[in-house]
Each structure stands twice: as structure tokens, then as C-alpha cells.
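Peer 1: Listed here are the chains, written in short residue letters.
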Amino acid sequence: MKTVEEIKAAIEAAVPGAKVEIVPNPGPSGEHSLLLGHEQAVEVARFLRDDPELALDYLSNVTGVDWLDKEVTEKVKVKRQVTKTVDGVEQTVEETVDETRKHVEPGYLEAVYHLFSMARKHGPVVLRLRTGNRTDQVEVPSLTMLWRAAEFQEREVFDLYGIVFKGHPDLRRILMWEGFKDHPMRKDYVEPDDYEYEPTAHDQVLKRAQAHQAQAAAMGQEGAGAGQ
Amino acid sequence: MLGEGILKGLAQTAKNFAGSYVSEERLTTVQYPEERLPVAEASRVFPFLVFDGSEWLGGMRCVACQICEKECPPKCIYIEKSKDKKPDYVGKQQFYPVRFDIDISVCMSCQICVEVCPFEAIKMDTAFELATDDRFGGLLLDRQQLAKSNEYYHSIHPTEASEVDARLDEEKVKAEAKAKAAAPAAAAKPPAPAGGKD
Amino acid sequence: MAIDQELKIEMGKQGVFVTTIQELYNWGRRSSVWPMQFGLACCAIEMIATTMARYDLARFGAEVFRPSPRQADLMIVAGTVTKKMAPQVVRLYNQMAEPKYVIAMGACAISGGPFKQGYNVLKGIDRYMPVDVHIPGCPPRPEALIQAFMTLQKKIDSHHLTGEGRPRYLDPDAPGEFKVPEPGEHDLEPASNQGVWPVPVVIR
Amino acid sequence: MSTFETIPESTSQTSAEHLAERLSKSITAAAEADRREGWNRPPVFLPESENGVLEVAMGPHHPSTHGVFRMDVSVDGERVIRLKPVFGYLHRNHEKIAEGTAYLASMPYTDRLDYFCSLTNNWAYALAVEKLAGIQVPERAEYIRVILAELTRIQNHAAAVGFLLQDMGASGTPLMYAFREREKILDLFEQLTGSRMMCNYMRFGGCRVDVTDAWLDRARRLVAGMPQFVDEFEALLTTNEILMVRCQGIGALKPDLAVNAGVTGPMLRATGVNYDLRKVDHYGIYDRFKFRIPLGDHGDVYDRYMVRILEIREAVHILEQALKEIPAGPIMDPKTKLRGFRPKPGEAYGRIEAPKGELGFYLISDGGSNPYRYRVRPPSMINLTVLEDMCLGHNVADVVVILGSVDIVLGEVDR
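Protein chains in written order, with my numbering: chain A, 1 to 228; chain B, 229 to 426; chain C, 427 to 630; chain D, 631 to 1045.
Computed list of lysine-lysine pairs in BS3-like fashion (alpha-carbon distance at most 30 Å, straight line):
hint, chain 1, residue 1, chain 2, residue 2
1, B, K376, C, K580
2, D, K909, A, K8
3, A, K70, A, K19
4, D, K714, C, K605
5, A, K207, B, K313
6, A, K187, A, K166
7, A, K121, D, K920
8, A, K70, A, K187
9, B, K311, B, K298
10, A, K19, A, K2
11, B, K400, D, K965
12, B, K320, B, K298
13, B, K298, A, K187
14, D, K909, D, K884
15, A, K207, B, K309
16, D, K974, A, K2
17, D, K814, B, K243
18, B, K314, B, K298
19, C, K605, C, K580
20, B, K298, D, K967
21, A, K181, D, K714
22, D, K954, D, K920
23, B, K298, D, K965
24, A, K166, A, K19
25, A, K77, A, K102
26, B, K298, A, K70
Residues of chain C placed beyond 12 Å of chain A at every Cβ, according to the derived structure:
hint, residue
27, E436
28, F443
29, T588
30, P598
Calculated directly from the structure, the hints in this document are not laboratory data.
Computed from a predicted model, the values in this text were never measured in an experiment.
The beta carbon of each residue, even a glycine, is placed where N, CA and C say it ideally should be.
Can you make the complete structure from the sequences, with help from the hints?
Peer 2: Encoded structure:
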């Protein structure tokens, strides 16, 4: 099978203007992936499916990944003009000062597709699509029209991660009920406080049980069904 | 011929029905409360704590290291460590659990607590007849209910228990040899704090 | 009113059988408990295995598994009850005719079990309806289900027709139906039925 | 003092008409979308009947759906014109829980995915982690894995056929035959792993306990008796006219649609596509054994049934070879730690041929003790993608049979 670099070159030759980036995988499995731009994603995917040499006719796995906002601290050397008194004369001297800067790298949601070829029996080719951020720009193009296998899996990603697949014919919640508001697989999802009798609670479970009991005690006897 | 397949199938069932009167193979029903299947040696249901000797608290192997509590996938173990120490099977002073609860209404019988235990203290029981109508009282086992003797362990998992015993004996011999080797050294150097090597 | 046991045995030897209405009634009840054919998860497979030739639950009068709640006496909650499924389970329970019994089979049905910390898992079916017998295990062996079934039969045998010891279905004040929870925006509403779920406090 | 609501008289349309209109609109829209995008789907049947269309919710409590599964079916008379599966009634957050616990602690949870085949689930997860961390598995452990996986395949297929027949109305008998054999295999599992169903046996880099010679002898005896069971099972079923009438030509699936929809396992092979991961990926040591891949012709329910029966026979062949050749040696990679297992950052997708299809695990590690992302690719769920395509135009009674032939387990569909 072609390497990722060759596939990238083939895509760029076949689909003009396609944005493809290689995301390296440092692990021993060595399954590097291709990050696609949104505009040409469907075209690129169609090429991958129909190209006789690649013939990636089988979409095995679709999933979402949640990458949280990352706070990055870096030390930057900054040149600054400082007024100093040197030998009794006031002078403006340039000085290099170390400064710590913090900035937040915005998180994003990611849809990962694993493609294989049933005709030529090779694979996997991993495709990735990223959203702009985690709150309002959560759209990525859907690949359901090319591989029906994505139909339920994209719905599941929508349900659990909140990625909106543009062009999906039937984008509804699949695992949780209609009317559920959250996206529970996100890393910052907060579970509802449905307290359970925890006779062996410790660590996080104990903290949650204690928080619940404190809350129930604060609310008084009315809401403290579990406190009785 | 239409219906041949059906007749063939019916002949098969008839064979099995008639056969059930003569062949053990075809009569599979186990008349449960009166007649029981032999319990497999590797069988596991819920964990219990092994103790040596006759006194359950004195001989308890558990040293309250809390590894099983951390590794338990559904978090159904709760341990409180003691303040004081008691000697364990090699005579070393160790902590013991003042509280050791297992919530068997949560336990998934996965045996990971047994695998991670470095002291051979927690093992899997084979008793499964635990149905109760008391959820909050009947399904939370404390350390006394969990404590079972080494003899009991031998009776349910004979092979495994003998292996464990052999291993523990070996450790004990080693520990004694070490203690013997340490004793003259300690005698030679009296200013060293007594018992510090422990 | 109890009969002297020795007298009863003595008379039985003579060919005279004596019983009380209560005993007869309980005997009838316990000898034909028909479970509902209702599986949720892993434990349902062990439940099916129990009804198969090797363990044969039919020997205890649980001859047929009825698909309809209207024809069943016993609900074996076999498996994880999720929040999406809980309203349906409670509704099925409400649709069963009295007298009705519930066995919570396996860790998940009792307390949520290993999946207890999940966001979509109901932490025990006894939040919404009363449970008669709990079987711990994940999943319990088929023999354990049979033993639970015998426990239930013993429990039925100990019922009184009147007075304090009478079961829920003979008590006109006790509720026979329970509120079906509604799926809300974040969780089921209510999170538990008051009065069904008395929870002891564990203080650490 | 009536508490019933009165129906306003101005409603000219009956509810059935209204329903039919709404439905035909939605179907036309769906067909339109299909044409636009060139989906390969069978033609949509538009409601023509005067009787109107009936919407039936089959499930989640339904005797013949395999657990808590719901199908919203629209029927025109007896004919199915629309079918939407509804999942999630057994969604128990396997992935979320796994992302919060150590790698090892997820192993017993994988048992509960597809609760018929805990050992193949164990293997798929172990394989993914081994790929993620670059662990080698000793030879003997690979043999044990193959033996257990093939035994799992036999008991799963036997039970699947039994349940299919149960759905078809053959209440009890075939299922009893299947469970009789299954119990024998479960006894073997219990003797080795300690539990009948939830084995929790495989570890990263090997297996938990070694098999004894006595166990292997018992397994050999069981495998020797297996062809006789399959013959008996086939005599009971294969040429049965009722079964043939109910199965042949029902729920046919075209190979190109099956490939496009990601269908795997016996369902895919019943359509004639030769794709078995045991031959394609050569995972484990499958390339050492001689076995054939049974393929179907029409892709209908009967072909799926036949493929399963033939796969049992092939599994017996593999078992005979594996039980003969199993070498002595260690069963665990000595370098792998049980506690405090932390793979290097990276990601891996490991997949095996589970009895139901391709079972994959996708893991992302950030170097911590928990996986950052843990995803299960459930074959049963993705095989259901084509459920509607298979059922359209058939009778309601056939829907149950078609669903039975897909062989789903809800623990895996919803996770």
C-alpha cells in the first residue's frame, strides 16, 4: 500500500486546491493520519474511494475525539527599551528580558475515519476532520453520502460529542433520548447529581457523595430524599 | 418430496426424546437443589479474605495496603487502615484493616483484586447462593463476613491454595534466614536502633 | 390460626389432609409464578440458560415465560436498566396484574453495578419500584437464579392474608402502581420515587 | 362529568390519512435526497393503499428483538414501507467509563460488550493495546487465544441460529439444542477462566492462567463430538421446508451495498464478498491453520444461516489443528507490567474477526495511565445500517426473521 506521503501527493494531484496535512502518530503502530480541509473534504474522500489504486471502498470506523482548550506557557525573549542612568548620564538602552507568556490554544472536536479496502485488502488510511472550536463552530462535512457505514456512526458522534455533520440526511440523537441537552462524551461533561447509596465510596466517588450530602443538607429536609 | 425435511427434523427430536430414557448424554437436566453440578476449581464469584490459623482477625493476611481498592474496576471495596500494627505470617509488623467492606451488589467478579494483591490475602469464593430480600443490609459484606480460613481456601481451590502456601513458606524461610543473618550483625553493632531493619 | 404441625403430619399419615385457607392460598400463589419474558442485558442470557434443558426453571412452576405483562406474575429485571429504558420498565411493571413480584437479577439491576458511574445508567431499579429479591452476581449463575426463585417462593409462603404481615397487594392503602419517570433535559425526572427508595446514610 | 377530551369536529382528516400524507411527504423527500446524491438504495415504496399507513413501534420490550431494541416500522397492510431503528436502551457508557479508568480495568468491561463472546472481545482489546504499546505475545498464548476464540465462535453461531429459529416461531427446540452444546463449551470456559460468560481472561501480552493438559484433553473430546452436533442440528433444520420458505429470498442484500454500508462478518460473506480478517490481517497466528471461508450467493436469510453453520464446521477444523499443535512455553510477555501500565503517546486501531463481524478498538494514549480516547467499533450496530434496506417491501413477520439473521447483541450495539 502507498505511504501517507504518497497518498497526500496523489490527492493533491487529483483534487486541485485540496488542503491535506499529515498528522504523525508517534506510537509503535505508526498509523499516521491525514487532516483534511473542510471545503474539499468530500471531493478528497470521493477520490480515495474511487481511485482504482487505493479503492478504499470500506469505511470501518468513525469516531469523535474531544481536545480541550490547552493553556500553553512559553518563555519569550523580549527586547525592551529601558532608561538607565549610566555614569551619571541618562541613556536609553536596549535590554533583553525574559517574559512568560500564557496563551490558550483553542480546543477542537475531531472526527476520525478509518478507511480500508475490501477490493485490494489493504488499510488503514486514517482521515481526520477538525471543527473550528468546541462551542459554536462545530460543523464538519459529512461523508455519509459516500459511505453508508458512516450513517449511524456520525449520528453517534453528533449525539455524544456534538459535532454537526453538514449534509447528513438524518442527523438525530441516536443513543440518548430526544430532548437530552448535553453531549456526554465530551471531557468537560458534568453528570447529573443522581445520588446513589455508596457504602464503599472512596476517592472521586466519595467526593461526589459528600458533595451531594452537603447539598441535600443545605436544601433542608424537603429535597433531602437521600438524606433520610 | 415436500415435507421430507420436516420429517427428518421430527425423527431427530424423536431420537433425542427416546434416547433421553437410556442415555445420560441426552438427559441434561440437573435437578438443582437436590443435585448439584460439581463446582469448577477455577470458579469465581465474590472475593473473600484469607486468614491463617484459627483466629480470624489475628491471622488475617491483609495488610490494608489498599491496592485492591484502587485497582477495583467498579470501586466496590472500602478499606480503612489501622493505627497500630500486628505481626503478619512472617512475623513482620504490619497494619491491618479496621474496616474492609465489599459491596457485592456492585462487584463484577472480575478477579482483578486477586491478581494485584501482593500478599495473597484476597481470593475468590465459589459460593453463589446469596439471594436476599435485604438490599442495604444483606449485600454489604464486612471484614468478619469476608474472612475465611486457609482450610476453606484449600477446600475450594486445592491446587491454587497449595501453590500459594508453598510460595508463602518459601518467603517465610527466606525472611527467617534474613533475620538470622541480620541478628549477629545487629549484635555486633549495638548502637544501631533496634528493629530499624524491619 | 396455625395447625399443630405434628398433628397435621399424623393426620396426613391417616389419609386426612388439613390445611388453612392461608396455606392453600400461598401454595397456589407460589406454585405458578409465571415470569415475564423480558431481558435487558447480559443477565438475560443466563435467565434464558436457566429456562433451557439443563437447569429447567419449569420444575418450579415457572413453566412459561409470558411476553405480555398482563399474563405475568414475576418480573425478572435481568440486566442494566438505563435511563432511557427505565420509564418502559416501570410502565411494564404498572401493567402487570396483582399479585406481582420483582426479582432484581445481577449487580446492574440492584445498584447499577459495574456501570454505576455511567451517566445513562439507572442506579438500581428499586428507585422506582419495590423489589422482592436481589441476586448479586455479574451475572449470577443459573443456579443462583433458581435459588432466588426459591427464596421468593419462601417469601410468598410466609405471607399472611390479613394483619401486619400481609403483602403489598392485599393492603388497600399500599400503591400498586408507581410514577413513570419522564426523560428530562439532563436526567430522569424525578430521579427516584419517594417512599420506594429508603436510603441509609453512610457517613465517612 | 366526562374526563375524556372531545375531538374537535372541524378535523376533516382522519388521523390515518394525516399520517399517510405526512409519511408520503417524508418518503418523497428521502427519495429525492437519494437521487440527488446517488445513494445506492432500493427503491422506496410509496404508500398506495387506501387503508392508510400504520406506524408500529416494535420494541423496546418485544419478545423477539434481541434485547431492548426498537424499530419504528410503518406498515401498509402487512408490507413494511419504512423502518427506523432506535438504539440506546442499553447505552451504558462503556467508553466514558473506560476513559476514566486504567487500561487493565477496562478488560472486564469488554466482556460485557457482546456478552456471548467475551473472549473475542478480550482479544480485540488486548490486540489494540498490544499494537498501541508494541507488545509481543508468546506463541503458546496465541494458540490459547485461537482455541478460545474459535470455541466462542461455535457457541455464538449455535446460539444465533437458535435465536433466529426462536424468532421464526420454532419456540424452544432448536434453541435447546444450541444451548445444550453451548453449556458444554461454557463448562470449558469456566474450568479455565473461572466464569461462564464474563471470562476476563486475556491480558496485554498474553493470557492470565495457563491451560492444563487435562483441560486440553477435555477440549479435544468436545471438539471431536462437535461435528456430530452440527450434523444433528442440520438434520433438524437445513432442509426443513418451513425454514426454507421463511428464509429463502427474504432480506436479500446486494454485495456492493453491503460493502458500502460497512457490513462485516457472516452477513457480508453471505452476500459473496470474500473478506475475513483472519485471512486479510493475519492477526494472531491464523495463517498457520488451514481453513476455508464459507461464502453465500444471494445474501438472504438462508445464506446467512448456512454461512454460520459452515463457519462452525470450519472453526472445528481450526480447533483440531490448534489443539494438536499447541506448543509448551510461557503465556505472558515478561516485560509487560500488570499494574501501572502506561503506553507511550500515540494511537492505534486494532481489529479482529469477532463472530459478529469486525470488532475494532481505537485507542489514543496521551502517556497517562488511562486511555485518552477509547472507542469500540461495534459490528452489530453497523450491520444494522442496512436493516431498513433489507426489510422494505417484506411483511412484518419477516422483519423479525431478518433482524434475527443479523445476529445483534444489544450490549455491543449500544455499549
